Amino acid sequence: MSEVEGVVEGETIGVWGRMVQSDLWYSFTHSPLAMISALFALVFILACLFAGFVAPHDPFNLASVSLFDSLLPPAWQDGGNISYLLGTDDQGRDVFSTILYGGRISLLVGFLSVAFAAVLGIAVGLVAGYAGGITDAIFMRIADIQLSFPAILIALLIDGVFRGLLPRGLHDEVAVYVLVLSIGLSFWVQYARTVRSSVMIERTKEYVQAGQVIGLPPGTILFRHILPNVLGPVLVIATIQLALAIITEATLSFLGVGVPPTQPSLGTLIRIGNDYLFSGEWWITIFPGIALVLLVLSINLLGDWLRDALNPKLR
Amino acid sequence: MLSFIARRLGLAALVALTVSALSFGLLFLSGDPASAIAGEGANDADIAAIRSFYGFDRPVIVQYGDWLWSALHGDFGQSYYFQLPVSSLIADRLSVTMTLGVCGIVFALAVAIPLGVAAAVRPNSIVDRLALFLSVVGQAMPSFWFGLLLIVLFAVKLGWLPPSGTQSWTNFVMPTVVLGYYAMPAIMRLTRAGMLEVLGADYIRTARAKGAGEWRVLFKHALRNAVIPVVSLAAVQMGFMLGGSIVVESVFALHGAGFLAWESIGRNDLPTVQALILIFSMFYIVFTFLADILNAWLDPRMRTG
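Respectively, the protein sequence lines represent chains A and B.
Residue numbers for the first sequence follow the UniProt record's numbering, beginning at 1 and rising by one.
Residue numbers for the second sequence follow the UniProt record's numbering, beginning at 1 and rising by one.
Treat the hints as calculated values from the structure; they're not laboratory data.
Nothing here was measured: the structure is a model prediction, and the numbers come from that model.
Beta carbons: idealized from backbone N, C-alpha and C, even for Gly.
Just so you know, not all the hints are guaranteed correct.
[Stated by the list, open to error] Under the rule of at most 20 Å between Cα atoms (straight-line distance), these lysine to aspartate or glutamate pairs were calculated in the EDC-like manner:
1. B/157 x A/136
2. B/157 x A/304
3. B/157 x B/128
4. B/220 x B/202
[To be verified] Partner residues aside, some chain B positions facing chain A, computed with beta carbon under 8 Å:
5. 138
6. 291
7. 294
[To be verified] Sample of chain B residues at the chain A side, in silico, Cβ under 7 Å:
8. 13
9. 15
10. 17
11. 77
12. 78
13. 140
14. 279
15. 280
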């Protein structure tokens with residue numbers, strides 16, 4: 001059998017070349033909103049990742065934080081200090097720096113819980129869709145049950161259970177993972193349902209039958225052959241759920257059951273600032289909130305673009 | 001249709017039963033309930049006495065049956081924290097949450113449906129873009145932060161509304177707006193999509209041809225059909241809202257069931273938590289059941305699913 005022309009060409013232009021030539025890239029470069037969102041999200045994520053270099057102050061180094069600098073307003077207001085661009089909080093920590101460090105925690109929880117939910121949901125969806133029958137029925141009933149609990153309540157509960165089981169110090173250490181577990185557990189259903197319905201369509205196609213005829217084990221057919229074909233919608237869900245996970249984490253931290261104040265996320269920062277809202281120090285809570293909204297907004301807009309780009313029929 | 005209802009009812013019952021078993025299991029997840037009640041520093045004899053007083057020494061399945069039977073009769077046991085029957089504790093809290101939920105959904109429908117209609121009448125107009133903008137921003141703004149912004153503006157700066165509490169109807173204004181805001185984008189998009197589809201239909205052209213006024217065409221002829229899926233969406237949203245009220249009630253310190261759930265989890269008051277989880281989930285199950293039945297009744301194609 002001779003090599004197919006297109007394949008040889010595809011190999012010579014490489015991954016990057018193929019990406020630039022793809023429909024997805026074309027759609028991306030022709031959507032200003034998607035490009036701006038991607039740019040913002042990228043800059044925000046990088047700034048958070050390298051908060052140690054980007055942030056003007058280290059808010060968690062007690063030696064460099066001074067109570068004399070506490071509750072300073074933003075730099076452009078009376079009494080503001082140019083070195084604290086967005087003002088300082090009650091302990092004299094630079095608000096801009098705490099946003100970067102806090103964003104890191106928020107993003108960490110967001111990415112980990114989406115990954116956890118996606119792996120769990122995809123596995124359930126693949127197995128349920130491919131096996132069908134009683135297996136499918138059981139998994140889908142579990143999904144129904146999962147959906148009938150409000151997500152926030154589930155997360156509150158899981159956190160409560162861990163709080164009861166673990167000693168105080170240990171709980172603070174594992175708080176991030178408890179959050180990931182509780183957010184991930186309430187998010188897997190959507191992946192499972194989407195993957196399941198895609199698999200049920202793919203299952204009847206010829207390449208799957210061919211795989212079955214030559215005796216490939218179900219696991220190989222599922223993960224090597226069907227999975228790549230159902231990943232499109234999964235990517236869309238994952239993007240939109242990343243935004244949702246970040247919001248949920250912020251909500252839980254705001255309710256006081258998320259990450260400990262020694263390691264604040266954006267939600268924790270908003271909660272800390274909440275106590276100063278009535279005395280007029282609005283910047284402590286407003287700026288982390290704006291950062292959170294912009295981050296979530298850019299991720300959401302990217303998700304919307306991706307959904308439309310992958311499925312032009314939706315428009 | 002009857003067989004669909006029966007099947008759907010069976011499913012709802014199954015889900016409800018599992019949910020009840022899960023919320024019962026909670027009591028045991030966070031360790032030995034007897035020592036939790038006794039508190040720190042209790043000796044073994046005290047714990048044993050508590051164990052037999054609350055019946056924790058019986059087989060789990062017996063305890064579950066007993067608990068479920070009482071729960072069905074409205075008896076959720078004693079609150080660890082208040083030392084009062086949970087049912088009396090919840091009753092008036094629940095009415096606050098229900099009021100908030102109903103106000104929230106009414107507010108959402110009252111704003112989102114006209115906005116959706118206006119957006120559909122002139123696609124890509126300023127109104128359409130504004131509606132899209134509101135829904136995109138709405139999805140990006142966490143409800144607790146939106147609530148805080150409202151407090152800053154209307155309670156701290158302007159002093160028009162009380163920031164927290166449950167004393168009068170003015171306490172419900174901001175929570176209603178926050179809770180309703182989150183149901184709006186979905187309702188608006190669905191109304192817009194439905195209207196766009198319906199407005200292209202032949203019977204609308206007929207109505208216009210026979211000289212019906214524009215308002216009459218829009219609201220009497222078009223909206224009636226376009227709003228059908230919105231009704232069942234609103235039912236589902238209502239179920240979600242009762243869960244979402246946990247956050248909203250906590251932000252505004254509104255003494256409803258959601259606020260109680262949050263406080264009770266913090267206090268390890270398990271019987272109260274159990275009861276609230278069960279009630280919240282039951283509401284959700286009932287509302288989604290109603291939505292599905294409504295959908296199937298309106299659209300026969302749904303009955304096979």
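Hints, one by one, checked against the model:
1. Using a Cα cut-off of 20 Å, the hinted pair residue 157 of chain B and residue 136 of chain A is violated, with the two alpha carbons roughly 55 Å apart.
2. Note on residue 157 of chain B and residue 304 of chain A: the hinted pairing is violated, with a Cα-Cα distance of about 36 Å set against a maximum of 20 Å.
3. At most 20 Å may separate the alpha-carbon atoms for a hinted pair to count; residue 157 of chain B and residue 128 of chain B exceed this at roughly 32 Å.
4. Under the criterion of a C-alpha separation no larger than 20 Å, the hint pairing residue 220 of chain B with residue 202 of chain B is consistent with the structure, at around 15 Å.
5. For residue 138 of chain B, the interface hint is violated, since its Cβ never comes within 8 Å of a Cβ in chain A; the closest pair sits about 10 Å apart.
6. At a threshold of 8 Å, the smallest CB-CB gap from residue 291 of chain B to chain A is about 13 Å, leaving the interface hint violated.
7. Interface restraint check: residue 294 of chain B against chain A, minimum CB-CB distance 18 Å, threshold 8 Å, status violated.
8. Given the 7 Å rule on beta carbons, the hint for residue 13 of chain B is violated: about 12 Å separates it from the nearest Cβ of chain A.
9. Taking 7 Å as the C-beta contact cut-off toward chain A, the hint placing residue 15 of chain B at the interface holds, the least distance being around 5 Å.
10. Hint on residue 17 of chain B is violated. Least Cβ distance to chain A is approximately 10 Å, over the 7 Å limit.
11. With a least beta-carbon distance of about 18 Å to chain A, the hint placing residue 77 of chain B at the interface is violated under the 7 Å criterion.
12. Against a cut-off of 7 Å between C-beta atoms, the interface hint on residue 78 of chain B is violated, since the closest Cβ of chain A lies about 19 Å away.
13. At its closest, the beta carbon of residue 140 of chain B sits 4 Å from a beta carbon of chain A; the interface hint therefore holds under the 7 Å criterion.
14. With a cut of 7 Å, the hint placing residue 279 of chain B at the interface with chain A is violated, because the nearest CB-to-CB distance is about 11 Å.
15. Proximity of residue 280 of chain B to chain A holds as hinted, the smallest CB-CB distance being about 6 Å (cut-off 7 Å).
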